[in-house]
Amino acid sequence: MFDFLEGYDLLGAFWVTVQLTVLSGIGSLVLGTVLAAMRVSPVPLMRSFGTVYVNVVRNIPLTVIIVFSSLGLADVFGMTLGAADDFEAKYFRLAVFGLSAYTAAFVCEAVRSGINTVPVGQAEAARAIGLSFTQVLSNVVLPQAFRSVVGPLTNVLIALTKNTTVAAAIGVAEAALLMKEMIENEAQLVLISAIFAFGFVVLTLPTGLILGWVGKRVAVKR
Amino acid sequence: MKLRKVTAASATVLALALSATACGSDSGKDTGSGDGGDKKITVGIKYDQPGLGLKTPDGFTGFDVDVAKYVAKELGYAEGDIEFKETKSADRETALARGDVDFITATYSITDERKQKVDFAGPYLLAHQDLLIRADDNVTKGEDLNGKKLCSVVGSTSAQNVKKDFAPKAQLQEVGTYSECLNGLQSGAVDALTTDDSILAGYAAQEQYKGKFKLAGLKLSNENYGIGVKKGDKEMVDKINAALEKMVKDKAWNKAVTDNFGPANYKNEPAPEIGNIVK
Amino acid sequence: MTSVLYDAPGPRAKRRNIVYTAVFLVLLALGIWWVLSVMADHGQLEWSLWKPFTQSAAWTTYLLPGLANTLKAAALAMVIALPLGAIFGIARLSDHRSVRVPAGVVVEFFRAIPVLLLMLFANELYSRYTNISSDLRPLYAVVTGLVLYNASVLAEVVRAGILSLPKGQSEAAKAIGLRKGQTMTSILLPQSVTAMLPALVSQLVVIVKDTALGGAVLAFAELLNARSTLSAFYANVIPSFVVVALIYIVLNLILTTFASWLERRLRRAKKSSGAVLTAPGGAEEPVAEPGVGKNDDGRAV
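Residue numbers (the working numbering), protein chains in the order written: chain A, 614 to 835; chain B, 45 to 323; chain C, 114 to 414.
FYI, nobody ran anything at the bench for these hints, they're computed from the structure. Fair warning: there could be bad hints in the mix.
Stated by the list, open to error - Computed from the model, here is a short list of chain C residues facing chain B with C-beta under 8 Å:
no.: 1; residue: A153
no.: 2; residue: H155
no.: 3; residue: S344
As the list claims (entries may be wrong) - Label pairs and their calculated CB-CB ranges:
no.: 4; chain 1: C; residue 1: S299; chain 2: A; residue 2: T730; range: 36 to 44 Å
no.: 5; chain 1: C; residue 1: I362; chain 2: A; residue 2: I808; range: 35 to 43 Å
no.: 6; chain 1: B; residue 1: D303; chain 2: C; residue 2: R241; range: 39 to 47 Å
Just so we're clear, the structure is a prediction, and the values are computed from it rather than from any experiment. Note that the Cβ used here is the ideal one computed from N, Cα and C, for glycine as well.
The following block holds chain A by itself, in its conformation from the complex (with noise of 0.2 Å):
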């Protein structure tokens, strides 16, 4: 029942996929927390700054930013990202910096929530004891601010797994661009199109429920 399965690297084409999401998000997740403290800054020019950017970066589709990366910074540019001669990485690193690029609006957005979540007392209380800005936030607010942001952060980690098939537009052989492949070859449309999206669900819905359940037990409770 499956042997049009042969020929086609599933597991490989969903091992990209994961690639993705994992650089993608380490990428996303430190620019989008520098990204946050600019934004909560006492420098009003690095607030705006951060303001533009999620502004900007938010408001584009993902698409337009992917596909720009190939065809405008790669094309254009010579942006190789150290892979000039070896395609497939070339593209493969042009998507983790289209994706990180892009859900770093979502991060930092998640984060200054997060921030806003800590009680005030909190930080005057290590203001009270004479700590800085930077240290109020890296010692004293972030720590409290990541626990209580592990579920809008996974909420943006499911939504980044799923906007990974977008690499699919430049050509990066993840799991969508595969499921095209095969779907326009092979007659069975149904059962590979149920294939994927159950790749898809095991995908996302233990990163939700175990994130979940991390989140709950690292939350500060108050």
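Following the hints, put chains B and C in place on chain A, whose structure we already have.
Just chains B and C, lined up with the frame of chain A:
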């Protein structure tokens, strides 16, 4: 009361948005019901190939477009009655089978495989697969491409042919349309763009790229452009063939060639004989 | 809120902030200068590449028809997804397990699947088994994918909207002898609609953004796809991307601004019943439960 007003206001906004977009939707009406009763004829072309089929603010231009106009005229349609539709490479057979278009002039090479699904009139042009490279680059044979970076469109066979026959170690970037390869070629992200020389000549001659690219002149294959017609429509094939013969005879074919390929300095093959498919 | 993270700046802090500002300004200026110089190096600042956008031809031939298709697909998707979403949202609140559970499974299933997969599936399905003409098929496929995904998202919005109403509303309805259906249609739904409006408008932002997928993968002739045709003629990749991105930004900012205006207005107008659902402004995974994941009102612009 206030709440109701807000609801009403947003309902109005939504309704306005809908009616505004609805206005735009009429243009895509389906007129592909064959060439008998109605007065319109629908022709499938490419939208992004300078010299062959290009959508410009002043209408459609290119050799395919001129051929389509001539044939339509011979079939009894005024120029205003022709409706052009974009038929991307992957969509051509289905568009004909469903009657979405009456015939297709879209760099449509006659192959045995396609002949099983559609009928062809013509050929009306003989082209060859070739490479577009940077003006300062040199490729003299297909094997030179080993280890180089090729660009082609998704679903095109020309790049696969090159990989299979000449350069198994070439890398392949696949994009949506050929025009998207050009910037990569210019910046060095890819080394060659491969498809029919007739198409490539148009890009090489495009004003913005003048002097930057050249054709390698390799003639890697023979591409006989035919006019695709719905399978089994013998009458239409005959009519179009007659029109094509007449087009060559009264020199309109030559004029179309000079008009469209002249600026590109494309050395075209002489007008092919109807039914003579060069393997 | 943010100001609690640091003291009101004294003279030293003020000086330090000025230094930081100056340093950041220099970095920013360097960054902008670098971007511009890279663009200049690659000839992307030449006026001939940008000039088409000052003329009407580029707009009427390529961009506006593309934008019209984007809006058409988005509007269709919203209009079809909304009632579907309402049905599933209400079904998930049903007292009957046999209704609640299947509805929940359907909603969770479609929320877990990338919208691109749904579009690809719909496109191939229509191509094989229907007679939809090949130039309309991408629109149908895009709208189908968007409807399946967004109906399930909207189901959650509707559910959250209804749950956000105070319990007293349905208790009072019960007390005056309304049946369950009546309670829903004449008490709960009308009130929750106003609570949901901001979330609905900002879901439109997500829908608008997702239409671009159809352009890139299914050759649906929307704005991003029109850019490609445009740039085949004018040979201006970077300028065309910049202009298209700007169009998306303006369009979506209008929608988000409208959404937060609605939200503020409704918050003010609303005293009696439950919360106003937040407008998460283009967030990918909006409104899960009432009150969770709320953006604060620090939204600039």
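So, against the hints stated earlier in the document, which numbers end up violated here? 1
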